[in-house]
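Using the hints, build the complex out of the two chains.
Residue numbers (my numbering), protein chains in the order written: chain A, 11 to 240; chain B, 3 to 520.
Hints may contain errors.
As the list claims (entries may be wrong) - Some chain B residues well away from chain A (every beta-carbon gap over 10 angstroms; in silico): (1) Cys27; (2) Asp42; (3) Lys44; (4) Asn153; (5) Met203; (6) Tyr328; (7) Trp515.
To be verified - Just some of the chain A residues that point at chain B, by a computed CB distance under 10 angstroms: (8) Gly53; (9) Tyr68; (10) Leu72; (11) Asp90; (12) Gly91; (13) Met129; (14) Gly151; (15) Leu223; (16) Tyr227.
As the list claims (entries may be wrong) - From the derived model, a few chain A residues whose C-beta atoms are all more than 12 angstroms from chain B: (17) Glu19; (18) Lys58; (19) Lys217.
What the hints contain is simulated information worked out from the structure, not anything from laboratory work. Yeah, the Cβ is synthetic: ideal placement off N, Cα and C, and Gly gets one too.
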Amino acid sequence: MVISIDSTELNMRDCNEKIRELIRKNDRIKITNASHIDGLCAGLRSGKVLVHGDVGDYFGILNAGAELVVTGSSGRFVGDGMTSGRVEVGADVGDGAAVYCYGGIVRIKGSAGNFLGTMNKGATIIVEGDIGDHAGTYMVGGDIVVLGDAGEALGDYMIRGMIYIAGSYKDLGNNAKLEKLRSSDLDKLGTLLTAEGLNINPRAFRKIIPATLRPFYSEKTQAPESGGVR
Amino acid sequence: MTLAGHYWVTIERDRCRSWQQPWKCGACIDACEQGVFARDEKGRVFVANEIACVGCKICMEQGCPNSCIYVRPATPESISRGIWTTQTIEEIHRKAQTGEYEIRGYGTMGNIPHFDGLVVVPSQLASKPPKDKYREKFRMEVTIGERTCTNPIKLNYPFVFAAMSYGAISREGKMALAVAAAKLGILANTGEGGMFPGEAMLAHGYENEESFRKGVRKWNPGGYLAVQYSTGRWGVSMDYLQAGDAIEIKIGQGAKPGMGGHLLGKKVTEDIAMIRGLPPGTDALSPCRHYDIINQKDLKKNVEILRDLTNYEKPIMIKLGPSLPYEDTYIAAEAGVDAISIDGMVGGTGASPEVVTQNAGIPTIACIRQAAKALKDMGLKGKVKLIALGGIRDGADAFKAIALGADAVGFGAAAEIALGCRGCMSCHKGACHYGLATQEVRFRACLNVEAASQRLVNFVRACAEELKILAMLSGHDRLDTISADDLRAIDLNTAAMTGVRLAGLEKVFPQSWEGFDD
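Only chain B is shown next, with the shape it has when bound in the complex (with noise of 0.2 angstroms):
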């Protein structure tokens, strides 16, 4: 048999039937196929032959009343069972029965292919020395749309927050996002669901009105917003686009490439169907496409009009969902916008058909490289910024991406996880127990701004210190010298979907890499 020995049976003795009153029950006698269940000579049940069970569970399902058989794998289903885990025949279970596929939050699950396969080569004799960590100096600021807007965006850290809709999240969710900006000194983003009164002023560190009116801060340095341009335009007005430090033309996302933003009905509750146009209860669906963007020139009269609309003050960005990164970025960067946020599969949601986050886009590393290199090849490398978003969890992940080619990194699901977030991966109940995936004022209450945006501060202060040991044991002082080589790659995949020189043997692996220069 071929899983022979892979499951544990066990019988809680106390509990079955046939220990009490021997020789009554044997139900899971009766439902075993394989003969697990055997009877002693005093009547009782006990486990006969482990080794011929097949994990199929009808004892514990069938058989036992008392609930008190349980089968457990011995070795991961995955490699006892193939592909029919008992994953694979639960869901097919749930969709017989309902006849409907599975919604859910959160990223991707499974094995797909990460940073993890990329390590950092440090500074010995051969290469440039290593920068001493402690008493030099690191520059890791970030400007975006310096040589097209008045007001460019002066980021402290190489990082940004990525859009998470005003809906999607709670308000305190995302004032704590705000604060946490302005803290830092880096960029918030409102999301597709327009902007709650306030959000800009939050972002740009003013904690009311009055202060705002003052000009005093009350979180220095003060952040910046990015306003979301997105396919379902939920809020969008000429006072939106005019608060917010840059507009975002949101084309797609990591999570669900090719698909407009999910928010279910529980969580359209009276003020963001207010903020957003909806009749409250109604499931936002935003389309999957612009319904004035139908083409590659029509995005370039827009990402002109949205600089004619704010004055030529503010940057214009544009976020890509994973696809053909090299094509994809070449078309955004010739329409003339400053940044490009380009999104791995990898990355999070709110609310997205399971089968889509799942099996849609392409990773995260994969993407970064051919991006970067389109932006190269037109001679743009450095002028229009590439923000790499979609599962980055540290300094190193950050370090790694923009090795790759990636000027700043964005964090999504890494900064919910610091404001409270335990990965439940149920944002589309609207049920958040930690008050950011929700709307109901009971749980939005268990969420304080202040502490939770503190934990995200200290979250990314010290993912940029991370950032700064890589950096500088790799011989670097800032951020635009670092380059692929500083990578090795650790396993095939990983190397051949990056470019990067695998360990070990020094070149790049397959040969097709070879003369690729980013």
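Looking at chain A on its own, in the form it has when it is part of the complex (with noise of 0.2 angstroms):
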């Protein structure tokens, strides 16, 4: 059975009250008018939720394993902090999508902004649009897949995990590599897309990877030599 709530007139706390009350009962939650709303559906562990129309910032921040679907679009830092489920976003979104991720998916029909999956430490991020700079700043681990083209610094100062991207990009980021796909690669690739219904040859992906495990410090800074000019 699904339940509906309109929420035009209800305040983050209400609402988010609301659902846990509902979700508890009900397996689908339906939800309209909640544009106004930051932090919808926060840290909801279990049940299926659909928003109709678009949502404020921090949808679905701290997910923990409930499948959040909306479909308009969303603000910033959708899926924000999240370590299971799965977030659906039907149009573009705003900056820092997926960041801090621990796992789950989130699925962007459309394009994201700036900062996408920074320190994503093992979520799939798929965008089906193009992505703002910074996409993967400092990421340690999870994928991100991009069907259309990235900005400036792709994964700067990545340390692990990969970023596949179907489109062009202005210029890596800082330790970030291109590598050749390799046959697991497209395994894991083929296996995603069809899981998510889109039917792209994985063969039309590039790989980025990070370059090294310590981009930031060599081994001489933790043991200098000691002073003394001799």
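Structure representation (structure tokens):
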């Protein structure tokens, strides 16, 4: 059974309280008129939520297992800090989408702003449109799959994880390097794209991986030679 | 010569070649430009003109093959040589050799104005009478979040432990801190490195899972654990946020304000890497800012969301580095937090570029008064709690910080020292021989959690007694009546920085402090 919430008159606290209360008994919830609410569906552990229309900032922050779908666009920081579950946005998202994620899947059907997937630690982020600058900054795990183009400093100081991009990019960030696709990548991408219902040949992608494990400091910094002119 | 007489030069005759074989060697005579050394009539080298020595140590480095010359400053080099001390010269040489800046642990070294410039005014005839420390009661409980939360934090003492991450500190060190907090009934802090399994349980006073299920505390009265929501978000999840008793949003810290936490590769072991979600062996350098808190409105929204995530039960705190204390505190209080920790520049750290530790930030004493003033101006004094951190060493520092406007103080380095630290400033190397700032099993085994936590408990209790003595002799029986009028500054720097009246003059100095009312 689908329960509907009209959140025109609700604030974040009331709306989230209502969602948590309803999700205990029902599996699916439908929300309308929530574009003014920041932090909608914060920290849900289970259930499925469908939001008709747009949402504000911090949609699905710290999501811990719920499946959240937005038909319209989202503000900044969608899926921030997610640990598991799924967030799907039907149109464009703002800056900082899917930052600090530990796991789960973020699917963006439109374009994304700057700092997409910053400090991603294990989530899979799929963007069908273009992305802005500094995507995947200081990424330490997970995958970012981009079907469109990217801006500057792609994968800046990434340490682990992979970025797959089908379109073009302005330049790579520090410590990011281009590498050939391997068969394991093709398998992974193929499975992922099929599961997401995207009919694209995985061979169209280019793979970006980190160059070194320690881009900031060398061993020398930690143990400098003792002083003196000798 | 400007440096005349500032150095002692000695030759160890037993090892000097010319004293065994006269007329041999003499390398020091050739090396010294100042003519300090000469031969006597038998061909033996002696210190002929000690006064000429300028302390360049060329005789030690380029001359003597037997390393038997010693050059020692007779006066502190900062006085005799001004800015070009041996330290400066060695530092330049090191940078010239390696091309890298230095990273080290611990706090700011050198002459930073601190609480030593303040004295406590005891009660005599003109002021209200003193209270009897031995026979009268003194109330020092502090509650955080009573206005906004259903589960506020009730500290038995006006003390907290400063945030130190699991990673910077060993598991045993973190356990000792949590157990000490449980024994005292105060607040421990996870730091930014996530929480190891069972940390919250220990901080609440339960020894293991079983006693937790039965609800039997081993350590009474049971403490609290604040979980940090930092710029790196290491280990942050719903479970993490809900396990703590308070959430602390970290904006900055005293040792490296404007930079994120540093954890160098050697300390990122398998366990740390798993909790933080990093590859082992890499450097865990937190970003300098929150990527999802761009402006003041975002901060407000985040505070609201964190309250929502914890069901409006838990206090939200914020930790600020020393920057613009008045404005920063104002913005933080406006965002709706329950407590503001403000860290002075002398605050310590596990690893930081030395240039930042030594040069960035403002002293602790200069932060507190301005931060308290901001809360006063907003009408939130006493409602939003101000926690002073950074170089609090004893009960006297705690009293002075509270008099300047803080509601509670935090022990960071002092707590580490109580656990066994000796201040070798090498926390970043990960080879702490006392089992604190290390992840190596052989060193960790040196720290006995039970004994170390008891030492820390003893230290904090002693500090509480010291605070009590000072507060009662100046006529107080509770914390919130203590004010800056109970202090006098004994030097101009401190008076000018804190706005506390200058001893003897009995006025604030300079006059721009007049009318400053907190």
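Verdict on A:Lys58 as a residue remote from chain B, using beta-carbon distances over 12 angstroms: holds, 18 angstroms
Interface hint for A:Leu223, Cβ within 10 angstroms of any Cβ on chain B: Cβ of A:Leu223 sits 5 angstroms from chain B, so the hint holds.
Cβ separation check - A:Lys217 to all of chain B, threshold 12 angstroms: holds, 18 angstroms
Minimum Cβ-Cβ distance from B:Tyr328 to chain A exceeds 10 angstroms: Non-interface label on B:Tyr328 holds, nearest chain A Cβ at 28 angstroms vs cutoff 10 angstroms.
Assertion that B:Cys27 lies outside the chain A interface [Cβ separation over 10 angstroms]: The assertion about B:Cys27 holds, with a minimum of 19 angstroms to chain A.
A:Asp90 as an interface hint toward chain B, with CB separation required under 10 angstroms: This hint holds: A:Asp90 lies near chain B, its Cβ roughly 5 angstroms from the closest one there, short of 10 angstroms.
Nearest-CB test (10 angstroms) between chain A and B:Trp515: holds, 41 angstroms
Interface hint status, A:Gly151 versus chain B (Cβ within 10 angstroms): holds, 6 angstroms
When the least beta-carbon distance from A:Tyr227 to chain B is tested against 10 angstroms, hint result: holds, 6 angstroms
A:Gly53 as an interface hint toward chain B, with CB separation required under 10 angstroms: holds, 4 angstroms
Given hint A:Met129 near chain B, where the shortest CB pair must fall under 10 angstroms: holds, 7 angstroms
A:Glu19 remote from chain B - nearest C-beta pair above 12 angstroms: Its Cβ never comes within 12 angstroms of chain B, the nearest being 18 angstroms, so this holds.
Checked against the numbered hints given earlier, the structure satisfies every one of them.
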